[in-house]
Amino acid sequence: MTALIIVILFLALCTPANAERPVTVYAAASLAGVLEELADSARAQGIDLRISSGGSSALARQIEMGAPADLYVSANTQWMDYLDRAGLIEASTRMDLVGNGLVLIASQDGPDRISLNRGFNIADAFLGRVAIADPDHVPGGVYAKQALKRLGWWKRLQNRIAPAVDVRAALALVERGECEMGIVYATDARVSDSVRVAGRIRSDLHEPIVYPIAIVHGKSGRRTRDALDLLASERSRQILRKHGFKDLSD
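Per this note's numbering, the sequence shown starts with residue 106, numbered consecutively.
Just to be clear, a hint being listed does not mean it is correct.
In silico SDA-like links for lysine to any residue, alpha-carbon gap of 25 angstroms or less [as the list claims (entries may be wrong)]:
id : residue 1 : residue 2
1  : Lys-351   : Ser-341
2  : Lys-324   : Glu-142
3  : Lys-347   : Leu-335
4  : Lys-324   : Asp-189
5  : Lys-347   : His-322
Calculated directly from the structure, the hints in this document are not laboratory data.
Please build the complete structure, drawing on both the sequences and the hints.
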């Protein structure tokens, strides 16, 4: 019995030295796939990243409630500002990572092309619903609502909007044929073989789509700073551009 206790104590003392805790990244759903690729690259450099993706609003609120995030990447500036005002990020580490665009997508049975101008009769162009992320809280849905309003389409389509928890969930609704149309990020449409791009939404129809990143307050240790440096490196930005994200310096 004494020997067993000694072994348990030995393992408890040795484990932290031999296996550091992963750096947990809370990131917007639209970044999920590319961040997993970056995590594989980071692992080769001795940095273990654990990616937790979802709607930027939900992730910010989880951090506010004490969720164990080390890094936060939002799909808009508002939710990063929200955490900044609450003193929940290390403000000096905040930077803009990449940008994105919006597209109108259609199911395989949906319309081929939609004319994205105010004079187009969108209400009669198709019969089904339009999937977007939650237009009141989730950045992808907020941008989509802005575009629909500036096109003069929001009131015509409001009763046909199918809100989803995030952009990937909105994409899935169109993929499964539950919604005929949807508005998602351009990068989301690229990863699906089940939807078609029916139109590209001009950037002047919504606020600039920017992904800020920052270290969560109290988590600015060496491992987290190394992870931030890696994600913000030119090599990582090249991978992000390969997946369709926009270089903000262009």
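Given the hint that Lys-324 pairs with Asp-189, does the C-alpha gap stay at or below 25 angstroms?
-> holds (14 angstroms)
Given the hint that Lys-347 pairs with Leu-335, test it: the Cα-Cα distance must not exceed 25 angstroms.
-> holds (17 angstroms)
Quickly compare the C-alpha distance for Lys-347 and His-322 to 25 angstroms and report which way the hint goes.
-> violated (31 angstroms)
Pair hint outcome, Lys-351 versus Ser-341 [Cα-Cα no greater than 25 angstroms] = holds (13 angstroms)
Can the restraint linking Lys-324 and Glu-142 be considered satisfied, given a maximum Cα separation of 25 angstroms?
-> holds (23 angstroms)
In summary, the one numbered hint that this structure violates is 5.
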